[in-house]
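Number of protein chains: 2
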Amino acid sequence: MSQKNYAPIGVFDSGVGGLTVAREIMRNLPNEKIVYFGDTARVPYGNKSREAVLRYSRQIIRFLMTQDVKAIVVACNTASAMALETIREEINIPIIGVVKPGARVAAQVTRNHKIGVIGTRATINSCIYKEFIQRQNPEIEVIGKACPLLVPLVEEGWLKDAVTVEVARRYLEPLLRQDIDTLILGCTHYPLLRSVMRELVGEKVRLVNPAYETAKDLQRLLEERGLASPGKEEAEFPYRFYASDSVQQFKDFANSILPYDVGMTKQITIEEY
Amino acid sequence: MSQKNYAPIGVFDSGVGGLTVAREIMRNLPNEKIVYFGDTARVPYGNKSREAVLRYSRQIIRFLMTQDVKAIVVACNTASAMALETIREEINIPIIGVVKPGARVAAQVTRNHKIGVIGTRATINSCIYKEFIQRQNPEIEVIGKACPLLVPLVEEGWLKDAVTVEVARRYLEPLLRQDIDTLILGCTHYPLLRSVMRELVGEKVRLVNPAYETAKDLQRLLEERGLASPGKEEAEFPYRFYASDSVQQFKDFANSILPYDVGMTKQITIEEY
Chain A
7 MSQKNYAPIG VFDSGVGGLT VAREIMRNLP NEKIVYFGDT ARVPYGNKSR
57 EAVLRYSRQI IRFLMTQDVK AIVVACNTAS AMALETIREE INIPIIGVVK
107 PGARVAAQVT RNHKIGVIGT RATINSCIYK EFIQRQNPEI EVIGKACPLL
157 VPLVEEGWLK DAVTVEVARR YLEPLLRQDI DTLILGCTHY PLLRSVMREL
207 VGEKVRLVNP AYETAKDLQR LLEERGLASP GKEEAEFPYR FYASDSVQQF
257 KDFANSILPY DVGMTKQITI EEY
Chain B
7 MSQKNYAPIG VFDSGVGGLT VAREIMRNLP NEKIVYFGDT ARVPYGNKSR
57 EAVLRYSRQI IRFLMTQDVK AIVVACNTAS AMALETIREE INIPIIGVVK
107 PGARVAAQVT RNHKIGVIGT RATINSCIYK EFIQRQNPEI EVIGKACPLL
157 VPLVEEGWLK DAVTVEVARR YLEPLLRQDI DTLILGCTHY PLLRSVMREL
207 VGEKVRLVNP AYETAKDLQR LLEERGLASP GKEEAEFPYR FYASDSVQQF
257 KDFANSILPY DVGMTKQITI EEY
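Protein chains in written order, with this note's numbering: chain A, 7 to 279; chain B, 7 to 279.
Don't take every hint at face value.
If several chains are the same, the list does not tell them apart, and a pair holds so long as it fits within one copy or across any two.
[As the list claims (entries may be wrong)] Listed next, the in silico DSSO-like pairs over lysine-lysine satisfying Cα-Cα at most 27 angstroms (straight line): (1) K210 with K238; (2) K166 with K10; (3) K257 with K151; (4) K151 with K166; (5) K136 with K10; (6) K151 with K222; (7) K151 with K120; (8) K10 with K222; (9) K210 with K10; (10) K136 with K166; (11) K257 with K238; (12) K272 with K120; (13) K272 with K106; (14) K272 with K210; (15) K238 with K120.
For the record, the hints were derived by calculation from the structure and aren't laboratory data. Computed from a predicted model, the values in this text were never measured in an experiment.
Using the sequences provided together with the hints, build the complete structure.
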């Protein structure tokens, strides 16, 4: 057990969506400190080239390294798909993304081998969930559906609104018609719509929340590597939040979804890293 | 009358929204050729810094100059607000934006001096319409309302959908309660929701479409400077479209709103300009 065990976890996303992943880490690994970075000035990553996403991710990782993190969670579907494998070769601390944990669990729980995946247009077009699921079991049919209106609805705060229910109903209809028994919430914003989704798909469809599965994978990883924190250490700000654009909007959103008021938030110039 | 009169108009936007401005130019100035550039790889501009928007705009203008345009229309509210005045000093051809024409007409037509403006969060927070309107008449009250869900609804193609009507109704309600008699459609996507807006605001509220007013301003400008095209010149592609990301989605959207099928579309690397 060394000082390293008390070091924070670095978590990053293109914006605020990854806060749902941070939230699961807070809930499931309460002893761990977190440094979160949201690239709010360059959001969204979904329409950027692989080169751009890789360049941005490298800058963010250099910044997180200055915060002495002991492990990194890529809480962004696009960066997990486009940059994670390359970056893993370049750094000497553990790093995990959100796609593989969700895909693995979905492949394990499906009975009829029909899995639905909802996400942004970029995530669905990348077929990244399909690729990871079929690596587990090539027999599984994976049906993707892009839901471009759901992120703006969440960011507008209309979480349990009739409009949101109607929009989600239309997106899910073709998946349910194809008889899926498992649905991956393949965008970090979607866990905030979990109760809407549950109502629409009924009890028979298993909902897979990659944010939760990622926190569980992180827990296993820290234990295997002897990196888990043995207990809560006193710290003024166990959770620190950084963003590349003005923090006010970030703070409002974070306070609306996290179980406590966000203390330390700071804007940084990420291009300098 | 010189060869210059037959040169095309350069029109640019952060994405596809500026096509509504191109459409008004096609309708009102049918003799003019157009080169359109949509910065689809870097959309949206609304959350970017002034420096970034200025840098992007300069790159685009350098590209348009290689196409020998005779005048430039900044068909993007953010770039009109953040970059237009600076760029005007740097180039030797006429350039106009979308904000001033709409603001001028709204200030002229209001009777009760209460104007509503709807737009993206960035446009409304910039207060650019308010600034231009109150330069005309400081007595006018300008009430802004950010409508972040409307662009994704338009891009999803839900133009006359019940969901869109309900969302727009909620956004317009506080403006109507404040008794506006004029409403500026302060985002290039919104003219596509004109019939929805008309239904919601009734006949008493005057709708101002900056895309149309910009086309009329361009017409006056070309005539004043002796730059108007005297007639339709035979050209394989009188309207040419360029984008900084894959053109398929751009083409689909363009074909859905323009009065004919888009012929020439091409992806270019805008960072090289």
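Original post:
Of the numbered hints stated previously, which ones are contradicted by the structure, given in increasing order?
Top reply: 1, 2, 5, 9, 10, 12, 13, 14 and 15
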